[in-house]
Amino acid sequence: MPSGLAFYKDDLNPEVYISFDDNEATNPFRITMDGVLGGTIVKKVYLHNDNPKHYYTSITVSIYDSTSGNDYTTGDWRWKLISSEREPVPEEWDQVANLNTISISDIGTSSKANTSDFIPVWIQCTVPAGMLAANITDVYLRKTAQLGLVSDG
Numbered sequence: 001m002p003s004g005l006a007f008y009k010d011d012l013n014p015e016v017y018i019s020f021d022d023n024e025a026t027n028p029f030r031i032t033m034d035g036v037l038g039g040t041i042v043k044k045v046y047l048h049n050d051n052p053k054h055y056y057t058s059i060t061v062s063i064y065d066s067t068s069g070n071d072y073t074t075g076d077w078r079w080k081l082i083s084s085e086r087e088p089v090p091e092e093w094d095q096v097a098n099l100n101t102i103s104i105s106d107i108g109t110s111s112k113a114n115t116s117d118f119i120p121v122w123i124q125c126t127v128p129a130g131m132l133a134a135n136i137t138d139v140y141l142r143k144t145a146q147l148g149l150v151s152d153g
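Every letter in the sequence shown is one number past the one before it in my numbering, and letter 152, counting from 1, is 152.
No lab work stands behind these hints, which were simulated from the structure alone.
Given the structure is predicted, the values throughout are model-derived calculations rather than measurements.
Heads up, some of the hints might be wrong.
[To be verified] Below, in silico cross-link-like pairs of lysine to aspartate or glutamate (EDC-like), each with a Cα-Cα straight-line distance of 16 Å or less:
{"hint": "1", "residue 1": "K44", "residue 2": "D106"}
{"hint": "2", "residue 1": "K43", "residue 2": "D76"}
{"hint": "3", "residue 1": "K9", "residue 2": "E85"}
{"hint": "4", "residue 1": "K9", "residue 2": "D106"}
{"hint": "5", "residue 1": "K53", "residue 2": "D152"}
{"hint": "6", "residue 1": "K44", "residue 2": "E87"}
{"hint": "7", "residue 1": "K53", "residue 2": "E87"}
{"hint": "8", "residue 1": "K112", "residue 2": "D50"}
{"hint": "9", "residue 1": "K44", "residue 2": "D10"}
{"hint": "10", "residue 1": "K112", "residue 2": "E85"}
{"hint": "11", "residue 1": "K112", "residue 2": "D152"}
{"hint": "12", "residue 1": "K9", "residue 2": "D50"}
{"hint": "13", "residue 1": "K44", "residue 2": "D152"}
{"hint": "14", "residue 1": "K43", "residue 2": "D106"}
[Stated by the list, open to error] Here are the computed distance ranges between Cβ atoms for each label pair:
{"hint": "15", "residue 1": "T40", "residue 2": "K112", "range": "34 to 44 Å"}
{"hint": "16", "residue 1": "K43", "residue 2": "S3", "range": "23 to 33 Å"}
{"hint": "17", "residue 1": "G35", "residue 2": "S116", "range": "15 to 25 Å"}
{"hint": "18", "residue 1": "G39", "residue 2": "I102", "range": "16 to 26 Å"}
{"hint": "19", "residue 1": "D50", "residue 2": "G130", "range": "40 to 50 Å"}
{"hint": "20", "residue 1": "T115", "residue 2": "T144", "range": "15 to 25 Å"}
{"hint": "21", "residue 1": "D117", "residue 2": "D34", "range": "18 to 28 Å"}
Think of the CB as a built atom: it goes at the ideal place given N, C-alpha and C, for glycine as much as any other residue.
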């Protein structure tokens, strides 16, 4: 189980978290679609702090390609992020650049941790038509944040 800032698959079941290695989600979820036809899938994960002694500032979330420029983050593939309580509509996704980075409001303060909120992060993946079957293992969610310790005050 994480101890601090982590991505969760479900805000109702905080035991189902996404494993991390150096701030990258290494087991987030599966995207399955017909590669011949292509298509778009939208998934939601939650960012959550589960440590009552920590707060976080300067939080960003981005898509990270561990192979630097493979076919899954270049060409016609599209990966977009939005943080919103409700699912974004197509017009909102149209305004987002491919491989964008989003900023998340601070989670907690120096006087009090926030361990109750689950901040939704929506991920849109668009796969071009005519793709062969693939098991993509080198595209991750990456989070960065400044960790602060809550004062005992």
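Query raised in the report: Hint by hint, which ones does this structure get wrong, listed from lowest number up?
Result: 1, 2, 4, 7, 10, 13, 14, 17, 21
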